[in-house]
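A.B. asks: Chains as they are written, first to last, in this note's numbering: chain R, 317 to 648; chain P, 317 to 648; chain G, 317 to 648; chain C, 317 to 648.
Everything labelled a hint here was simulated from the structure, so no lab data went into it. None of these values were measured; they are calculated from a predicted model. Treat the hints with care, since some could be wrong.
Computed footprint of chain P on chain G; a stretch qualifies when at least three of its residues, placed anywhere within it, have a C-beta under 8 Å from a C-beta of chain P [to be verified]: (1) 428-441; (2) 476-490; (3) 515-524; (4) 561-569; (5) 638-644.
Quick partial rundown of chain C residues pointing at chain P, CB under 8 Å, derived from the structure [what the hints assert, rightly or not]: (6) Arg390; (7) Val604; (8) Gly611; (9) Ser626.
Cβ coordinates follow ideal geometry from the N, Cα and C atoms, glycine included.
Protein chains: 4
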Amino acid sequence: MQIGMVGAGRMGANLVRRLLRAGHKCVVYDRNAESASELVDEGAVVVESLQELARSLESPRTVWVMVPAAVTGRVVDELAETLDADDVIIDGGNSHYRDSVVRHNTLAQRQIHYVDVGTSGGVYGLERGYCLMIGGGPDAVERLDPIFRTLAPGTEAAPRTPGRTGVTDTAENGYLHCGPAGAGHFTKMIHNGIEYGQMAALAEGIAILQKANSGHAPRVNDAETAPLADADFYSYDLDIAAITEVWRRGSVISSWLLNLTAGALLHDPQLNSYSRQVADSGEGRWTVQAAVDVGVPAHVLTAALYARFSSRGEGEYADKALSAMRRAFGGH
Amino acid sequence: MQIGMVGAGRMGANLVRRLLRAGHKCVVYDRNAESASELVDEGAVVVESLQELARSLESPRTVWVMVPAAVTGRVVDELAETLDADDVIIDGGNSHYRDSVVRHNTLAQRQIHYVDVGTSGGVYGLERGYCLMIGGGPDAVERLDPIFRTLAPGTEAAPRTPGRTGVTDTAENGYLHCGPAGAGHFTKMIHNGIEYGQMAALAEGIAILQKANSGHAPRVNDAETAPLADADFYSYDLDIAAITEVWRRGSVISSWLLNLTAGALLHDPQLNSYSRQVADSGEGRWTVQAAVDVGVPAHVLTAALYARFSSRGEGEYADKALSAMRRAFGGH
Amino acid sequence: MQIGMVGAGRMGANLVRRLLRAGHKCVVYDRNAESASELVDEGAVVVESLQELARSLESPRTVWVMVPAAVTGRVVDELAETLDADDVIIDGGNSHYRDSVVRHNTLAQRQIHYVDVGTSGGVYGLERGYCLMIGGGPDAVERLDPIFRTLAPGTEAAPRTPGRTGVTDTAENGYLHCGPAGAGHFTKMIHNGIEYGQMAALAEGIAILQKANSGHAPRVNDAETAPLADADFYSYDLDIAAITEVWRRGSVISSWLLNLTAGALLHDPQLNSYSRQVADSGEGRWTVQAAVDVGVPAHVLTAALYARFSSRGEGEYADKALSAMRRAFGGH
Amino acid sequence: MQIGMVGAGRMGANLVRRLLRAGHKCVVYDRNAESASELVDEGAVVVESLQELARSLESPRTVWVMVPAAVTGRVVDELAETLDADDVIIDGGNSHYRDSVVRHNTLAQRQIHYVDVGTSGGVYGLERGYCLMIGGGPDAVERLDPIFRTLAPGTEAAPRTPGRTGVTDTAENGYLHCGPAGAGHFTKMIHNGIEYGQMAALAEGIAILQKANSGHAPRVNDAETAPLADADFYSYDLDIAAITEVWRRGSVISSWLLNLTAGALLHDPQLNSYSRQVADSGEGRWTVQAAVDVGVPAHVLTAALYARFSSRGEGEYADKALSAMRRAFGGH
């Protein structure tokens with residue numbers, strides 16, 4: 317079917333490519349004309365304004381918005397000005413689900429459908445397919461089924477869950493209508509919250525492996541330094557790249573993130589080429605806020621988020637406060 | 317090759333089966349004769365004592381010990397009494413790596429080799445193969461290669477890591493000689509520490525999903541209860557079984573544990589058939605102790621461990637202390 | 317000076333008493349007439365409606381609202397209907413600071429002043445005085461100085477901070493104008509966040525003391541139970557009431573909460589008379605949300621909050637999910 | 317009574333001073349002769365070797381050892397060589413309680429008493445008195461009562477706990493015989509564990525206060541940065557020195573650590589003169605290990621410890637691992 321795409325960055329461009337390869341027709345707009353132009357050779361029509369985008373699409377129109385969360389609101393507002401009743405706007409970005417609910421309700425007053433689609437898969441999605449978590453009204457979601465089916469990985473991406481029989485459902489194809497407006501971004505939010513936790517668990521584990529030889533390091537013997545008990549038991553020089561590789565097969569922790577980690581360590585075992593400052597793009601925060609709102613203990617997901625804050629030096633004032641207290645009571 | 321197995325519980329029996337199917341010869345001893353006897357039909361020789369086991373094996377002998385960590389020490393001591401110089405004892409259980417180091421050094425005085433093998437895979441290992449993390453002297457480890465190669469999953473268990481070329485190494489086959497005595501159990505310890513973290517991340521995330529409808533629940537309006545802000549935004553009745561299923565394909569968090577979780581939720585979405593008391597078998601604790609020893613922050617792995625303590629009610633005294641303080645200052 | 321009080325619960329009644337004892341005139345309204353009537357003998361005027369309250373106060377009026385956060389909004393709205401320009405409403409309860417900002421701005425349109433006062437001290441405040449954290453416009457706050465000075469503990473409550481000289485400021489008297497609208501409740505929110513952390517630190521510590529004899533407990537030797545290493549080192553039967561008492565003098569952790577804890581343990585060392593369900597009244601949650609918003613790692617404050625959630629069984633679904641995974645991979 | 321002191325550092329010298337002022341006789345040895353010599357003018361006898369120390373003391377001798385935990389073992393061994401049956405060695409330092417148990421048992425074979433005394437109070441102890449947590453045999457501990465009574469703060473240091481009547485016990489004077497060998501250091505270990513938690517709770521709270529104006533900071537609008545929701549609600553420029561001062565009076569979180577913090581902030585509100593690297597001297601780690609051993613969830617105490625590790629950059633490898641994963645899946 318025909319679809320408009322607003323935003324031809326890394327994610328948007330690959331969505332277009334995957335759609336084009338399956339025979340869908342794509343009209344693309346990006347305020348940075350260069351980003352979009354690459355897609356022309358691959359079969360996309362590129363336009364230069366939202367107005368032109370609207371004119372280029374047959375009614376009822378379908379427009380997928382794939383822009384940073386911080387600008388989604390503005391883009392959706394401008395886009396909606398160009399659309400008519402029964403058109404569909406899809407927000408495939410990392411919007412806060414509450415914003416999606418509000419936008420859905422606002423647009424509903426003009427009979428414009430709003431569908432929120434949490435989209436996971438990263439740069440690998442082009443080949444591997446995207447996991448799509450969808451929220452919105454049933455009519456609009458159903459109308460978009462050909463798009464979702466194309467973008468999703470399909471059943472072959474994982475062995476069938478034992479106990480499932482008969483025709484595969486959409487979840488088994490990698491896309492799911494999770495519920496009404498916001499439910500897609502809510503589910504994606506939790507997905508990313510879990511992702512933060514999984515990443516942190518793996519990172520902490522290999523960081524201990526990396527220190528498995530710390531019994532060899534010289535230690536200071538003063539009142540300010542905790543002695544290393546049993547230094548003899550920390551004398552391993554471990555090959556972390558090989559260990560993450562071996563874990564990929566048969567272990568309980570085999571996962572896609574482990575695959576990526578093994579790949580990164582193969583090329584740079586000391587990880588020297590990577591920054592220690594780790595960004596967070598919102599969902600981890602919103603997940604914690606949801607946990608707090610509904611009263612569910614989420615120690616792990618929260619600790620994973622805070623580790624990112626710490627990685628960026630955000631704990632500095634608190635650390636200095638600890639030093640101030642220590643100096644005050646101990647004269648350190 | 318020929319191998320003795322001490323312990324025919326869930327894990328030991330399946331190791332024997334996988335070895336037998338590949339043509340190895342297995343002599344099995346379990347103090348519970350019944351456990352072992354099931355294996356006779358599948359080709360194992362079953363014996364009734366450690367002495368008989370030793371007599372049944374050709375020199376140099378290889379004996380794999382697969383018993384609970386709490387009894388490994390005693391079993392190894394008794395077994396060693398029956399063995400001779402150049403024989404090999406393999407500890408495939410969940411021993412503390414420090415115990416393995418000590419046992420290795422003790423047995424080395426009698427020229428008995430001691431190889432520690434962290435074994436991951438659970439009940440699925442029989443079909444899927446086991447991930448083997450190996451510590452010990454190079455000669456003994458090399459001698460055991462046919463055993464390890466049989467038990468491990470093999471290269472097909474995962475796509476090749478991009479950048480790897482040429483002949484596959486043992487890590488790519490699912491087994492790895494990690495280092496000297498204890499290195500196998502050290503690596504397995506960290507594996508399980510990560511496993512705890514991964515499990516907790518997933519569990520916390522789906523627990524928030526499960527409360528996504530808590531805006532519908534009635535709330536008390538007293539000074540003791542935090543009001544739910546924005547109850548309207550928590551009105552989703554989510555199908556968690558379907559969500560974990562959709563995450564299996566194309567998402568960043570796809571993993572083997574997610575596969576298992578989706579399977580469990582398919583059959584029991586409310587998880588009513590499961591206990592809320594979660595055991596821990598040692599490695600999670602040792603991982604935390606290692607993190608503390610070497611000074612690596614491990615918030616996530618530790619929180620995952622403590623969540624298990626809490627699940628068993630171990631926080632009760634602390635909780636009551638909080639209530640005592642609150643009553644004291646607030647008259648609550 | 318003259319002041320109206322809306323709410324004669326535990327906190328409101330004691331505020332009135334402390335004001336009356338210092339010669340202020342108090343007019344009290346509580347929708348539960350009985351609560352207020354107790355105060356008549358102590359010199360308060362009790363009225364039966366907000367309208368009567370407004371009529372009983374001289375202009376410009378001052379009314380302190382001391383009701384549960386969940387009903388503050390409604391009470392303030394109704395109260396404001398009865399007031400005039402230049403009157404002052406004080407919210408002394410545990411409102412979310414954002415609500416206070418919104419209420420301040422709404423009432424400002426009618427020239428009614430709104431002052432948010434975080435009030436700490438609990439039932440001891442009557443004798444000990446209340447710590448007051450104040451937000452709002454400078455004129456209104458200045459006008460209320462006699463009230464605040466009476467309610468606050470005064471300089472004698474703590475030794476002077478070394479380096480402070482000259483006339484004491486209000487902070488040294490136990491009250492502080494923290495900033496514009498909301499700043500009082502913001503500061504109180506963080507105060508309570510810290511309180512949760514302090515309480516949890518103490519509770520966790522004494523819970524470990526209480527288990528210092530766990531080396532004596534029998535242990536199961538199965539693959540599901542972590543063995544207690546070095547059981548001999550956990551053979552202390554400690555007198556926790558005596559320990560908290562000794563910590564009150566000279567130790568780094570001496571504090572008011574410790575005083576209360578020692579008192580509670582004196583009467584009930586096993587804490588059997590206390591519930592293990594610990595409520596939270598909002599500020600701990602808002603503190604975490606603020607930490608997440610501004611990107612400051614707050615592991616301790618958050619863990620303290622989650623411990624309360626766990627104490628109420630909110631981790632149940634996550635715990636069962638862990639059991640489900642364990643059963644799936646391990647056959648446990 | 318007469319006592320020998322080994323170690324005239326910050327802590328040892330002040331213990332000597334407090335003892336001298338109360339009329340006790342002190343013989344002091346420090347391998348750094350200069351440290352000890354300052355004490356001569358205040359009435360101490362200074363000696364130049366452990367042998368001389370032993371010769372200078374009447375039998376049965378009492379020697380207090382106050383040296384860094386990392387050298388206590390060696391010092392005690394050397395000291396014991398110079399002593400006789402029925403002499404007492406006190407370890408007042410921050411030793412691991414397990415080491416104290418072992419030393420106690422070793423020295424018991426020679427009828428030398430070993431008493432472990434956890435000593436809290438820091439540099440303020442000279443004036444304020446020290447909180448003493450004591451382990452060891454009842455005879456030796458009783459013999460030392462005059463020493464302990466002098467060093468402890470005495471009853472006036474805190475108001476009597478309601479419900480306590482009659483003659484004050486030693487806990488009310490600030491010293492306590494907690495139990496047999498090691499019980500003193502065990503209790504001190506938990507004390508410090510709690511101290512870490514209290515400090516971290518306070519530090520995290522004021523760190524949020526310090527960011528209360530972050531709504532004013534410019535933000536980047538890209539897919540990598542979490543937007544600050546509701547920036548308007550983070551526009552407070554708070555005076556943290558004044559806030560910690562006001563909390564000292566009447567609030568639930570008033571404490572000695574708060575007093576010190578208010579003092580530090582008075583002189584340096586931005587804490588620019590303090591290091592962000594926070595040392596840990598062992599007890600925090602041992603507390604976590606004890607929690608793990610006995611199976612008590614200790615989220616707060618552990619997070620406080622890990623925050624110190626993070627402050628020293630120990631999370632670097634883990635952070636880089638997160639960046640590696642993010643780059644791998646997202647092309648960031």
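A.B. asks: With reference to the structure, classify each hint as holding or not holding.
C.D. replies: The hints, checked one at a time:
Interface restraint, the region 428-441 of chain G with chain P: holds (3 residues with C-beta to C-beta distance below 8 Å; minimum three). With 0 residues bearing a CB less than 8 Å from a CB of chain P, the region 476-490 of chain G misses the requirement of three and the coverage assertion fails. With a threshold of 8 Å between beta carbons, the proposed coverage of the region 515-524 of chain G by chain P holds, since 7 of its residues qualify and at least three are required. Check result for the region 561-569 of chain G against chain P: violated, 0 residues qualifying (beta carbon to beta carbon below 8 Å, three or more required).
Counting residues of the region 638-644 of chain G whose CB lies closer than 8 Å to any CB of chain P gives 7, which reaches the minimum of 3, so the coverage claim holds. The beta carbon of C:Arg390 is not positioned within 8 Å of any beta carbon in chain P (closest approach about 21 Å), and the interface hint is therefore violated. Residue-level restraint check for C:Val604 holds (minimum Cβ-Cβ distance to chain P is 5 Å; threshold 8 Å). About 5 Å separates the beta-carbon of C:Gly611 from the nearest beta-carbon of chain P, less than 8 Å, and the hint is met.
This hint holds: C:Ser626 has a C-beta 5 Å from the nearest C-beta of chain P, less than the 8 Å allowed.
The structure fails hints 2, 4 and 6 (numbered hints given earlier, in ascending order).
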